[in-house]
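As given, the protein sequences belong to chains A and B, one line each in that order.
Counting from 1, position 2 in the first sequence corresponds to residue 2 in my numbering; the numbering is continuous, with no gaps.
Counting from 1, position 150 in the second sequence corresponds to residue 150 in my numbering; the numbering is continuous, with no gaps.
Hint data in this document are derived by calculation from the structure and do not stem from the laboratory.
Wrong hints could be hidden among the right ones.
[Unchecked claim] Looking from chain B toward chain A, a few residues come up when the C-beta cut is under 10 angstroms (computed):
| # | residue |
| --- | --- |
| 1 | 108 |
| 2 | 162 |
| 3 | 164 |
| 4 | 168 |
| 5 | 178 |
| 6 | 182 |
[What the hints assert, rightly or not] Taking lysine-lysine pairs in the BS3-like style, the calculated list, with each CA pair at most 25 angstroms apart, reads:
| # | chain 1 | residue 1 | chain 2 | residue 2 |
| --- | --- | --- | --- | --- |
| 7 | B | 53 | A | 55 |
| 8 | B | 265 | A | 98 |
| 9 | A | 286 | A | 393 |
| 10 | B | 265 | A | 140 |
All C-beta atoms, glycine included, are put in the ideal place defined by N, C-alpha and C.
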Amino acid sequence: MKFSMTRRSLLAGSAAALMTPAILRAQEADIAIGSLTPNTGGGGPFGPNITASHKRVADAVNAAGGVLGRQIRLYQENSETNPETAVRAADKLISVNKVSAIIGTFSSSVTLGIMPKCQSANIIQMCTSSSADIPIADEKGLVFNFQPLSPIWGRAIADLVLSRGLENYALMALNNDFTRSMMDGFIERVGTEALVQDPFYYNAGQSSYRSEVTQLIEKSPEAVFIPSYVTDFTAVYKELYRQGYEGAVITISLSTGDQFKSTVGAAADGVIHGFPVPALSSPAYKEYLTEAGLEDTGSVQHPFGTAGRDQMSVLLLAMEKAGTTDSAAVAQAIWDVTTGEGKKTVYNVADGLAAIRAGEEINYSGASGSIEFDAEGGVLGRDFQLSEIQDGKDVVIQRLEY
Amino acid sequence: MSAYLISMGTYVGFFMILALALNLQWGIAGMVNFGIAGFYAMGAYVSGLLVAKLGVPVGLAIPAACVAGWVLGGAVALLSVRLREDFLAIVTLGVGEVIRLIVLNEDQITEGPRGLRIDGRPFGDLIGPELYPLFYLLLVAVCVLITYLVCERIRRAPMGRTLRAIREDDVVAEVLGKNVLMHRVLTFAIGGFFMGLAGALYAHYVQNISPEVFMPVVAMFIWMSVIVGGAGNNRGILIGAGTVMIFLEGTRFIGDFTDVLDAEKMSAMRIILIGFLLIVTLRLRPRGLLPEPKFNVKKT
Numbered sequence: 001m002k003f004s005m006t007r008r009s010l011l012a013g014s015a016a017a018l019m020t021p022a023i024l025r026a027q028e029a030d031i032a033i034g035s036l037t038p039n040t041g042g043g044g045p046f047g048p049n050i051t052a053s054h055k056r057v058a059d060a061v062n063a064a065g066g067v068l069g070r071q072i073r074l075y076q077e078n079s080e081t082n083p084e085t086a087v088r089a090a091d092k093l094i095s096v097n098k099v100s101a102i103i104g105t106f107s108s109s110v111t112l113g114i115m116p117k118c119q120s121a122n123i124i125q126m127c128t129s130s131s132a133d134i135p136i137a138d139e140k141g142l143v144f145n146f147q148p149l150s151p152i153w154g155r156a157i158a159d160l161v162l163s164r165g166l167e168n169y170a171l172m173a174l175n176n177d178f179t180r181s182m183m184d185g186f187i188e189r190v191g192t193e194a195l196v197q198d199p200f201y202y203n204a205g206q207s208s209y210r211s212e213v214t215q216l217i218e219k220s221p222e223a224v225f226i227p228s229y230v231t232d233f234t235a236v237y238k239e240l241y242r243q244g245y246e247g248a249v250i251t252i253s254l255s256t257g258d259q260f261k262s263t264v265g266a267a268a269d270g271v272i273h274g275f276p277v278p279a280l281s282s283p284a285y286k287e288y289l290t291e292a293g294l295e296d297t298g299s300v301q302h303p304f305g306t307a308g309r310d311q312m313s314v315l316l317l318a319m320e321k322a323g324t325t326d327s328a329a330v331a332q333a334i335w336d337v338t339t340g341e342g343k344k345t346v347y348n349v350a351d352g353l354a355a356i357r358a359g360e361e362i363n364y365s366g367a368s369g370s371i372e373f374d375a376e377g378g379v380l381g382r383d384f385q386l387s388e389i390q391d392g393k394d395v396v397i398q399r400l401e402y
Numbered sequence: 001m002s003a004y005l006i007s008m009g010t011y012v013g014f015f016m017i018l019a020l021a022l023n024l025q026w027g028i029a030g031m032v033n034f035g036i037a038g039f040y041a042m043g044a045y046v047s048g049l050l051v052a053k054l055g056v057p058v059g060l061a062i063p064a065a066c067v068a069g070w071v072l073g074g075a076v077a078l079l080s081v082r083l084r085e086d087f088l089a090i091v092t093l094g095v096g097e098v099i100r101l102i103v104l105n106e107d108q109i110t111e112g113p114r115g116l117r118i119d120g121r122p123f124g125d126l127i128g129p130e131l132y133p134l135f136y137l138l139l140v141a142v143c144v145l146i147t148y149l150v151c152e153r154i155r156r157a158p159m160g161r162t163l164r165a166i167r168e169d170d171v172v173a174e175v176l177g178k179n180v181l182m183h184r185v186l187t188f189a190i191g192g193f194f195m196g197l198a199g200a201l202y203a204h205y206v207q208n209i210s211p212e213v214f215m216p217v218v219a220m221f222i223w224m225s226v227i228v229g230g231a232g233n234n235r236g237i238l239i240g241a242g243t244v245m246i247f248l249e250g251t252r253f254i255g256d257f258t259d260v261l262d263a264e265k266m267s268a269m270r271i272i273l274i275g276f277l278l279i280v281t282l283r284l285r286p287r288g289l290l291p292e293p294k295f296n297v298k299k300t
């Protein structure tokens, strides 16, 4: 008897816990938008910047009277960079918060993982993911990617590296979709004849990368290219250093942030890294720095935070343009406000809203890039930049518009 | 809201099946299994691949996933014949990781890190999209019920008593003439069978699986469910799985009502809170919410 009482009260308590939000749900008049960012886990170094950008844009628009005469209600969830958790968070955003868009997903597995749910609920997705499968899986044309697909990264980095006159390479990549397809793009440009051996993949989270590194530099290549994430690249690089490799080490800039530099110290000098960067001279990027309270250091800051600003801005501008939150109309309006010649260029959401209300055609140019979309919702026109670490600082050696 | 509750109910169902299977293996028979994520992945990928790559009907693929889990469970138990329980923990943890790494690296078959898309769903053609989530919840509920009845039947049967005897002291059980090895292998295989079932149901529900889903943390959620619910008590396990899901998901709503913390701090706070709730639960109910009933002989 004692047990059944406990059980009953527990069930009642849990039911009550789940029911409470229904009572306090947001007002119907608000436009609900979901932000699903990697605040912990593999994307942890980048998620908080995206989260903060989303909130800043939403707050600014609300303070100026909202969109379509309605306030923005932003619901922020943590994807934990894990598709299993992210799907449940997306479930909550879609079914409970009734969001019209889920923006800010980072890892491709998360973007793809929540896509079946988003597509069946007709919800716009905005991401910075790189998998070439994203446009294929997006059957309804509701996904907009604010980052170039990773084969493009590989090709751009290869083009930048080739102009340095390096002739032979050894390649190994972290085994995930992002880094693998980047390696394919790189090989496409340098050609298989420039490789001293077959490229291979390594798995994340190993305690040692000794055998992988030994294999990588066995034939003394002039340069090694290692598409990776920061945690594993740090371990891989330490091993390269320990084994006395003297050639050029090339990777992506995501792996060589402050965390890497402070861990490796002076040994980091000479590492070459590249990635798509905001146009540093763009007014939108400068505005972003002010909004985020950053100093203009001349080097790239918040590569994903800038994309977060652009996601929220583009979404809100498109809603205003479409005159509705209906996903098909908003998706069409996203092209209208970002892509196309002969329109008024705007660098922030406030100017954009004012121009749309004045009946003008606009082209939003963002903090992360000029933001033009191809027919599949992929971003075009990003700058790529190659840097070298010298005295613990990134020194830009080359830029390229792609 | 009701759509969300239906969806969470479905997830609780997956947790319940996994937790009941773990309870059979560990709660009743005392065999540690840290490789739950591997069994879960096995079920998900066997069923997913059969449907997505070979066009096998879902109705055959799900049973095939169960059989795969059964075989894997039996094989792991046989492998560890000579091992003590604590070593079995390491072996199962290893098996879980091996399966995940195979799925990750054999990308010609499994699509590797790109993730496997599965369009086929049980009765997907017959039931409209409006009613489908509710149908799937019912399907999962029926599977939970079957798992529960089987586990409960084993627990009450002579086999359950033997398993508990093996759990307490396998030498004594052996001396009493019980076939310890056969019981262990069989129990692990049955547990594997249900974990395979849970994996297959999960795969056809989310329709997009990738190796990152099957990280060892999944095993931790299931262990939490069993420990919070009360190891050895199948009804407790059902409550434990529900409680853990309420902790995991219920804490999400805090952020919707408070602006005290920004979203970044809130997401870290949520995970801390989940840990805190678990500690409080176990401090108040050290043997779980519904402890295993003491075995007692009826006095006449």
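Status of each hint after checking the structure:
no.: 1; hint: 108; verdict: violated, 13 angstroms
no.: 2; hint: 162; verdict: violated, 26 angstroms
no.: 3; hint: 164; verdict: violated, 20 angstroms
no.: 4; hint: 168; verdict: violated, 23 angstroms
no.: 5; hint: 178; verdict: violated, 31 angstroms
no.: 6; hint: 182; verdict: violated, 34 angstroms
no.: 7; hint: 53(B) - 55(A); verdict: violated, 43 angstroms
no.: 8; hint: 265(B) - 98(A); verdict: holds, 24 angstroms
no.: 9; hint: 286(A) - 393(A); verdict: holds, 21 angstroms
no.: 10; hint: 265(B) - 140(A); verdict: violated, 35 angstroms
Taken one by one, the earlier hints fail for this structure at numbers 1, 2, 3, 4, 5, 6, 7, 10, listed in ascending order.
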